[in-house]
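Protein chains in written order, with numbering that gives the first Met the number 0: chain A, 0 to 487; chain B, 0 to 495.
Honestly, I wouldn't trust all of these hints.
Computed from the model, here is a short list of chain A residues facing chain B with C-beta under 8 angstroms [said to hold, decoys possible]:
no., residue
1, R4
2, F6
3, L7
4, M50
5, C52
6, I54
7, I112
8, L418
If you want a taste of the chain B side facing chain A, the calculated C-beta under 8 angstroms gives, among others [what the hints assert, rightly or not]:
no., residue
9, M106
10, M107
11, R108
12, P116
Negatives, chain A to chain B, calculated, CB over 12 angstroms [to be verified]:
no., residue
13, L110
14, L144
15, A425
Hints are computed from structural coordinates only; laboratory data are not their basis.
Ideal placement from N, C-alpha and C gives every residue a C-beta, glycine not left out.
The lines below spell out each chain.
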Amino acid sequence: MADPRGFLKSGREVAARRPVADRVHDWHEVYPGSAGRALLPIIGTQAGRCMDCGIPFCHQGCPLGNLIPEWNDLVWRDDWDGAIERLHATNNFPEFTGRLCPAPCETACVLGINQDPVTIKNVEVSIIDRAWDSHNVRPQPPEWLSGRTVAVVGSGPAGLAAAQQLTRAGHTVAVYERADKPGGLLRYGIPEFKMEKSHLDRRLDQMRREGTVFRTGVAVGDTLTGDQLRERYDAIVLALGSTVARDLPVPGRELTGIHQAMEFLPQANRVAVGEEVPEQITATGKHVVIIGGGDTGADCLGTALRQEAASVTQLEILPHPPETRPDSQPWPTYPMVFRVSSAHEEGGERVYSVSTQAFLGDDAGGVRALRLVDVALEDGRFVEVAGSQREIPAELVLLAMGFTGPERPGLIEQLGVELDSRGNVARDAAYAASVEGIFVAGDAGRGQSLIVWAIAEGRAAAAAVDRFLTGTSTLPAPIPSTARPLVV
Amino acid sequence: MKLVAEVGVGTVAAGVSKARRRGAHLRARRGDRRLAADVAQACRAVPWGSASRRASRPCLLNGLRDRIVVQTDGQLKTGRDVVVAALLGAEEFGFATAPLVVSGCVMMRVCHLDTCPVGVATQNPVLRERFTGKPEFVVTFFEYIAQEVRELLAQLGFRTLEEAIGHVEALDVEAAVHHWKAAGLDLSPILHRPDVEAQFAQQTMFCSSGQDHGLDKAVDNRLIELAEPALERGEPVRIELPVRNVNRTVGTMLGHQLTRRYGGTGLPDGTIDITFTGSAGQSFGAFIPRGMTLRLLGDANDYLGKGLSGGRVVVRPDSRATFDASEQIVAGNVIGYGATSGEIYLRGQVGERFCVRNSGATAVVEGVGDHGCEYMTGGTVAILGPTGRNFAAGMSGGYAFVLDLVEGRVNHELVELGAVTDEHAAELHDLVARHAEATDSPVARGLLADWPAALARFTLVMPTDYRRVVEARAAALADGLTEDQAAARIMEVLHG
Numbered sequence: 000m001a002d003p004r005g006f007l008k009s010g011r012e013v014a015a016r017r018p019v020a021d022r023v024h025d026w027h028e029v030y031p032g033s034a035g036r037a038l039l040p041i042i043g044t045q046a047g048r049c050m051d052c053g054i055p056f057c058h059q060g061c062p063l064g065n066l067i068p069e070w071n072d073l074v075w076r077d078d079w080d081g082a083i084e085r086l087h088a089t090n091n092f093p094e095f096t097g098r099l100c101p102a103p104c105e106t107a108c109v110l111g112i113n114q115d116p117v118t119i120k121n122v123e124v125s126i127i128d129r130a131w132d133s134h135n136v137r138p139q140p141p142e143w144l145s146g147r148t149v150a151v152v153g154s155g156p157a158g159l160a161a162a163q164q165l166t167r168a169g170h171t172v173a174v175y176e177r178a179d180k181p182g183g184l185l186r187y188g189i190p191e192f193k194m195e196k197s198h199l200d201r202r203l204d205q206m207r208r209e210g211t212v213f214r215t216g217v218a219v220g221d222t223l224t225g226d227q228l229r230e231r232y233d234a235i236v237l238a239l240g241s242t243v244a245r246d247l248p249v250p251g252r253e254l255t256g257i258h259q260a261m262e263f264l265p266q267a268n269r270v271a272v273g274e275e276v277p278e279q280i281t282a283t284g285k286h287v288v289i290i291g292g293g294d295t296g297a298d299c300l301g302t303a304l305r306q307e308a309a310s311v312t313q314l315e316i317l318p319h320p321p322e323t324r325p326d327s328q329p330w331p332t333y334p335m336v337f338r339v340s341s342a343h344e345e346g347g348e349r350v351y352s353v354s355t356q357a358f359l360g361d362d363a364g365g366v367r368a369l370r371l372v373d374v375a376l377e378d379g380r381f382v383e384v385a386g387s388q389r390e391i392p393a394e395l396v397l398l399a400m401g402f403t404g405p406e407r408p409g410l411i412e413q414l415g416v417e418l419d420s421r422g423n424v425a426r427d428a429a430y431a432a433s434v435e436g437i438f439v440a441g442d443a444g445r446g447q448s449l450i451v452w453a454i455a456e457g458r459a460a461a462a463a464v465d466r467f468l469t470g471t472s473t474l475p476a477p478i479p480s481t482a483r484p485l486v487v
Numbered sequence: 000m001k002l003v004a005e006v007g008v009g010t011v012a013a014g015v016s017k018a019r020r021r022g023a024h025l026r027a028r029r030g031d032r033r034l035a036a037d038v039a040q041a042c043r044a045v046p047w048g049s050a051s052r053r054a055s056r057p058c059l060l061n062g063l064r065d066r067i068v069v070q071t072d073g074q075l076k077t078g079r080d081v082v083v084a085a086l087l088g089a090e091e092f093g094f095a096t097a098p099l100v101v102s103g104c105v106m107m108r109v110c111h112l113d114t115c116p117v118g119v120a121t122q123n124p125v126l127r128e129r130f131t132g133k134p135e136f137v138v139t140f141f142e143y144i145a146q147e148v149r150e151l152l153a154q155l156g157f158r159t160l161e162e163a164i165g166h167v168e169a170l171d172v173e174a175a176v177h178h179w180k181a182a183g184l185d186l187s188p189i190l191h192r193p194d195v196e197a198q199f200a201q202q203t204m205f206c207s208s209g210q211d212h213g214l215d216k217a218v219d220n221r222l223i224e225l226a227e228p229a230l231e232r233g234e235p236v237r238i239e240l241p242v243r244n245v246n247r248t249v250g251t252m253l254g255h256q257l258t259r260r261y262g263g264t265g266l267p268d269g270t271i272d273i274t275f276t277g278s279a280g281q282s283f284g285a286f287i288p289r290g291m292t293l294r295l296l297g298d299a300n301d302y303l304g305k306g307l308s309g310g311r312v313v314v315r316p317d318s319r320a321t322f323d324a325s326e327q328i329v330a331g332n333v334i335g336y337g338a339t340s341g342e343i344y345l346r347g348q349v350g351e352r353f354c355v356r357n358s359g360a361t362a363v364v365e366g367v368g369d370h371g372c373e374y375m376t377g378g379t380v381a382i383l384g385p386t387g388r389n390f391a392a393g394m395s396g397g398y399a400f401v402l403d404l405v406e407g408r409v410n411h412e413l414v415e416l417g418a419v420t421d422e423h424a425a426e427l428h429d430l431v432a433r434h435a436e437a438t439d440s441p442v443a444r445g446l447l448a449d450w451p452a453a454l455a456r457f458t459l460v461m462p463t464d465y466r467r468v469v470e471a472r473a474a475a476l477a478d479g480l481t482e483d484q485a486a487a488r489i490m491e492v493l494h495g
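Turn these sequences into a full structure, and let the hints guide you.
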């Protein structure tokens, strides 16, 4: 066990981010060097705060079932080789989750009942960054090939996790991606300042060396049909993601200058790594309004600030969440509390309890302003507050209001798989869709969720595919498709 | 009485009833070590359900059931568990884990490390601050349990829990035995309802009559009569009586009367002074309070001075004895068990486990068997003779002076050995002098005759952590800190 009294001797500590004045002028990650390197001086002590609980509730918080107390202990003992071995045992991509996960493990940490929880996510990113730095992450190609073939459609975290598991199990796996490079939201949704794409490329390189084949620029359902895919492969994993964005059909929606976040962010991410995007949507010099108070909105905020927007305002229809865990959302659930991401530190204004009534245009048909109204939550419904109407300037409006499910026309229709009541691809507890040989992993089946759930689904779906192909499987299946997060 | 059985727990339970114990406590897992004065524990490594049943049946067959309380525990969590246990024959139900969790336990399983993060299993003030449990939580939990029991009883057609006890026929086990995991399981021995002979047919299936302990024949009834001036008016009383080994727990009922009248403080030392001659039965002087001195000219059996609560017990051989008392056994095993205060002087040697769990009494003896001072948490012991092996095992408090100690016989896990320092020398001299006075011991007189030489032969046995606490507390009080601040300082010292 790690230091039994560590939690009594040391408080929670995180690494200092680069000064805001510096970091808003570049696209590099907000930690100096890398998150793992920035954390190195303190992480041993922080890992030593882990209490090695008899019942580790962090295991309940993390759908991957990460062996958190074990690698906390190993880090505390300075056994980094052992730590990465234990970490990779349950998580294919700790460098992604260590940067991007909102860490439901930490809200479930037993220490969090009455103290600040262990910095589990920081320990995770320290382990993997150090493993990469010491060339301790090596390809693990299969010893023999099964002769079976699997197509994974979609190269986001769910697809990549499924592909890596299946490749290592000996199957021949091709990952299809309609964009020019694999990664999905990891590449085009996540801004560079949250995770530099070199981390993704490094991991993709490992996968290629293991034998995973990537077919980019292929829009399955269009250039390649569902039938062709079924003919060619013994099994198909649909990891399409939840890509249909929720819209805001209010007067003025047709004005120019109103975009979905996922139109804005991919272009910015391409430019951040040196590509050129003709007619790029930029925030430079504009009054920017982001509609949606979630993580995608925060990504838009940090990106707009780096593009030197005149002002950035993030709107949220829900009330300002409490600073600390409310009684109605007790430990170990994941609570709705006021969170400050790195982008929020950098600037912008967050406005709560407001609803957009209309977009107001200028003579050229571009958006000029937004008409807002305060709303109050009464009996579960939003009621407009009389007399609270006001206009705020808006030359660029970004909609970050969530996603409603996978795109149904195209591949899903061609394959003829059934949808569930929410429009996601229906699957049984073992990830099998209604058509034999087709499996569903990630947001396409679950609806929009967290990266950690995507990786967990990818791993579990891989086990199901392996069993389908060979009759048995030793691949781990961390969660059934019916598992749900610890929230109230 | 704690009895451990896997097979034949029923026989054990019947024995419990015959031995006039109040209850048979069936533990599904290995039991704790608490002293259960009138409950016999039959510890089992099997589930409570079958244990309850198997314990009840032989008692029923022999007409013994209505004299004992059958208590069961071990992972009972719901009202349904209670009703099932009742139908199988239990009438008292022990809960531990569930109410503990209700009060805030998160099953950290670090109770032994003093790092309980929710402040349940710790004395550390920093951690105790974090305890958020309230008595109301536990009350509410048991109200829910009671509510569920009531509902299930209503469904089964019983008006009270007592009515339900032992009615195995009300258990529907169809679903359970048809489950694949239960394939091949034959529950009929557990569900069998024994044919009780006519002579025992009237007995209830729960405790309704109680045990006859024969207290009316106890020698203490006579003691209470004779000590009446002391009990009523606090006048000194001197009594001389013979004693035999059929007289058990001599002095305890008198002590009870004294405590009822004078409370925990008792009477002035030696107000009631009784001299017995003969061979005393078990538990001589058990639980006697301050104000009572029992002197025994002869010898005693086991458990002398058990739970001693301020009284004094002195044993020396009969004056006509020709042997050298220091070479002989004058009292049995487990002397001074769990004593909290008082004095014991024994001229001669004694058996195993001397002063086990002593928490505050002072005892002088001239030799002990194995496991002396085991689990001792307080008090002072002087041993003017040989010790057996495993001395001071689990000893966490108090200290012992041992003459000519053989170090190899000490369990060194918790204690450290050292010379008797000046601060303890006077106390030891006083102890030896009082022993000489009370028992006329030649051993003690010999030591006092050349005290500096005798002192050098003694070893002080003291628990390491206890010493640190004592020293830290003394230093803190010397610094002018309050008791609370001193406690905080002790925590710092121990975990520094």
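Comparing the hints with the structure gives:
The restraint placing R4 of chain A at the interface with chain B holds, with a minimum CB-CB distance near 6 angstroms, inside the 8 angstroms limit. Annotation: F6 of chain A was flagged as interfacial toward chain B, and the flag holds, the nearest CB pair being 7 angstroms apart, inside 8 angstroms. The beta carbon of L7 of chain A is positioned within 8 angstroms of a beta carbon in chain B (closest approach about 7 angstroms), and the interface hint is therefore held. Taking 8 angstroms as the C-beta contact cut-off toward chain B, the hint placing M50 of chain A at the interface holds, the least distance being around 6 angstroms.
About 5 angstroms separates the beta-carbon of C52 of chain A from the nearest beta-carbon of chain B, less than 8 angstroms, and the hint is met. The closest approach between the C-beta of I54 of chain A and any C-beta of chain B is roughly 4 angstroms, which is under the 8 angstroms cut-off, so the hint is satisfied. Evaluation of the I112 of chain A hint against chain B yields a held restraint, the C-beta minimum of about 6 angstroms falling below 8 angstroms. Proximity of L418 of chain A to chain B is violated relative to the hint, the smallest CB-CB distance being about 36 angstroms (cut-off 8 angstroms).
Because the closest C-beta pair between M106 of chain B and chain A is about 4 angstroms apart, less than 8 angstroms, the hint holds. Against a cut-off of 8 angstroms between C-beta atoms, the interface hint on M107 of chain B holds, since the closest Cβ of chain A lies about 5 angstroms away. About 3 angstroms separates the beta-carbon of R108 of chain B from the nearest beta-carbon of chain A, less than 8 angstroms, and the hint is met. Residue-level restraint check for P116 of chain B holds (minimum Cβ-Cβ distance to chain A is 6 angstroms; threshold 8 angstroms).
Taking the minimum C-beta to C-beta distance to chain B, about 6 angstroms, the non-interface status of L110 of chain A is violated against the 12 angstroms cut. For L144 of chain A, the requirement that its beta carbon stay farther than 12 angstroms from each beta carbon of chain B is met, with the minimum near 38 angstroms. Remark: the non-interface label on A425 of chain A is consistent with the geometry, its nearest Cβ contact in chain B lying 30 angstroms away (cut-off 12 angstroms).
Against the hints set out earlier in the document, violations occur for numbers 8, 13.
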